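Colleague: What follows is the residue order along each chain.
Number of protein chains: 2
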Amino acid sequence: MRIAVDAMGGDYAPQQAVLGSVLAAKEEGIASVLVGRSEEISRELKQYQDYPQDLITIKDAREVVEFTDNPAMAVRKKRDSSIVVANQLVKTGEADAVISAGNTGAAMTASLFILGRIPGISRPAIAIPLPTVKGVTVLLDAGANAENDPEDLVQFAVMGTIYATSVLGLASAKVGLLNIGEEETKGNKLSLEAHQLLKTSGLDFIGNVEGKDILMGVADVVVCDGFVGNVILKFAEGMAAALFQKMKEALLQSPVTKLGALAIKPGLKKLKASFDYAEYGGAPLLGVNGVSIISHGRSDAKAFKNAIKAAANGVKQDIIAKIRSSLV
Amino acid sequence: MRIAVDAMGGDYAPQQAVLGSVLAAKEEGIASVLVGRSEEISRELKQYQDYPQDLITIKDAREVVEFTDNPAMAVRKKRDSSIVVANQLVKTGEADAVISAGNTGAAMTASLFILGRIPGISRPAIAIPLPTVKGVTVLLDAGANAENDPEDLVQFAVMGTIYATSVLGLASAKVGLLNIGEEETKGNKLSLEAHQLLKTSGLDFIGNVEGKDILMGVADVVVCDGFVGNVILKFAEGMAAALFQKMKEALLQSPVTKLGALAIKPGLKKLKASFDYAEYGGAPLLGVNGVSIISHGRSDAKAFKNAIKAAANGVKQDIIAKIRSSLV
Chain A
0 MRIAVDAMGG
10 DYAPQQAVLG
20 SVLAAKEEGI
30 ASVLVGRSEE
40 ISRELKQYQD
50 YPQDLITIKD
60 AREVVEFTDN
70 PAMAVRKKRD
80 SSIVVANQLV
90 KTGEADAVIS
100 AGNTGAAMTA
110 SLFILGRIPG
120 ISRPAIAIPL
130 PTVKGVTVLL
140 DAGANAENDP
150 EDLVQFAVMG
160 TIYATSVLGL
170 ASAKVGLLNI
180 GEEETKGNKL
190 SLEAHQLLKT
200 SGLDFIGNVE
210 GKDILMGVAD
220 VVVCDGFVGN
230 VILKFAEGMA
240 AALFQKMKEA
250 LLQSPVTKLG
260 ALAIKPGLKK
270 LKASFDYAEY
280 GGAPLLGVNG
290 VSIISHGRSD
300 AKAFKNAIKA
310 AANGVKQDII
320 AKIRSSLV
Chain B
0 MRIAVDAMGG
10 DYAPQQAVLG
20 SVLAAKEEGI
30 ASVLVGRSEE
40 ISRELKQYQD
50 YPQDLITIKD
60 AREVVEFTDN
70 PAMAVRKKRD
80 SSIVVANQLV
90 KTGEADAVIS
100 AGNTGAAMTA
110 SLFILGRIPG
120 ISRPAIAIPL
130 PTVKGVTVLL
140 DAGANAENDP
150 EDLVQFAVMG
160 TIYATSVLGL
170 ASAKVGLLNI
180 GEEETKGNKL
190 SLEAHQLLKT
200 SGLDFIGNVE
210 GKDILMGVAD
220 VVVCDGFVGN
230 VILKFAEGMA
240 AALFQKMKEA
250 LLQSPVTKLG
260 ALAIKPGLKK
270 LKASFDYAEY
280 GGAPLLGVNG
290 VSIISHGRSD
300 AKAFKNAIKA
310 AANGVKQDII
320 AKIRSSLV
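So the protein lines, in turn, are chains A and B. Residues in the first sequence are numbered consecutively from 0, following numbering that gives the first Met the number 0. Residues in the second sequence are numbered consecutively from 0, following numbering that gives the first Met the number 0.
Bear in mind the hints are in silico, worked out from the structure with no lab data behind them. All values reported here derive from a predicted model rather than from experimental measurement. Treat each hint with caution, since some may be false.
Note that identical chains are pooled: a pair holds if it fits in a single copy or bridges any two copies.
[Claimed, not checked] Computed cross-link-like contacts, DMTMM-like style, restricted to lysine to aspartate or glutamate with a CA-CA straight-line distance of at most 20 Å: (1) K188 to E146; (2) K76 to E248; (3) K211 to E236; (4) K198 to E181.
Put together the whole structure using the sequences plus the hints.
Modeller: Dropping the structure here:
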């Protein structure tokens, strides 16, 4: 098994992507192929010696998709970009999964165009693992789509269940439909119809869940359309930033609070980590015909390592075959 | 001016509602009429002596709408409920505004049915003031509607602007459209169309804002449909609870962190307060033909006092007339 890593994607590329691959090789024994400008990747890679060298190869790709590029256009025109080439390695079988922390739209588009959809899946979805008070809840779609129909939400529930049980290792997956009330008569047209379909889906459907239930870990899988999911994902990010900023201000108020802040620093660090993207590495784009992990633009080496681990896990668990057979 | 307070609404009714009215009279000089079972209200009121007694009156209402009641049904059948009678006082001119911390659906329905809509307004909206790193941002609709069309969002923007400038006292109100990308070509059908309407609305429209921008205070007024707004509002509530629970666990880890926690307690309390509903008292239901404030079920006396203050402010600023004339 070998994971294709878009080495030119992300705010700290290629440094952090390269180090992430090194860590994955050294700590997890996972092989990867770094895709991008080979001279830049080699230069980075030279710094590290003590890792199993056969586990890391380089695939040259001369172009880079920028964060400002139009996704569809970039994927079509920049045929020799790291993001496109990394996906093609999966298509041709030279790699088993792909990871990109670059332009999110382009990463999704490249996987969608190059790997294609699993037959029967109408709309692939980004499944984002969110840390809750109980553990982790998978929210999907977190932004692959701007609009969805009720049938899409049922497919999200199926794919989310497979991801939660096989990759995240949950024994079973309780599925909740994100809605604005607990009763099945509540909601908009989409959620009213999706509720009825989910009831007879054969999944472990626990009914509607509300916004406040998500981080309380009421369900293992929460489904919603891509617009709502994306707004929530980004709101959570902004709220964490706002809270930690306010907390910092509160803690630097007086000599006493400053001393207190010093004492609680390790605890706070642990807290911050539990709300950190890097712990989960990235979010799979479920429904495309290959394992594709979309990582955060701010990914550091640890995030890359964890994304590589998650990708390897998806391959090992044969998640694509499981999704395919769930549709028969 | 006199504010009608649904004394039987909320988790701590009638105690906290009564004390809230007492505080509003004593500290702010605002008159209120407590609506509900007069013997229960009198019993509570007797505990307090040192407030201007002419500022508080009682209006008897024998029925109570429960949290479990169907809103529309309850408003129709329980004609002598505190929530219905409080709204009727505004309708007949015996009171100038109404506040309820009871069943949210019933509070909205009662105001909608009894006060009616301001002519020209299609859909009233709940405008929720959210604390940001810069100050406060008004998000609407936070759940009065399950579904909206693009024209509704423009009306929300107009009403939100009036509320932000006249009641919250902002010099001007930057309006943002909640969306899943900054470019005007991003979004679902609703947001794409609303963007075009807002561009020519004459408002201070700054374009699309994303979930992460809300608590960063990028806009003063953020508009979205009631489904999305309600999910966000409740998600924020759940996330705050989850974070503070995790923080507590982190802080009680060791003797050192416990000591540190003691030192930072005042700072943390202040932080928690800034994310506290009670500071804002409640959210106005904008677009109904009268000032109606929907308060949180968990409202304490301070929240009731602040809600009464917000209601009085809305009356003083003649927000209904301002909304009415904005539509001409």
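Colleague: Compare the structure with each hint and give your call.
Modeller: Evaluation of the provided hints:
no. : hint         : verdict
1   : K188 to E146 : both (13 Å within a copy, 8 Å between copies)
2   : K76 to E248  : neither (47 Å within a copy, 51 Å between copies)
3   : K211 to E236 : both (16 Å within a copy, 6 Å between copies)
4   : K198 to E181 : within (14 Å within a copy, 36 Å between copies)
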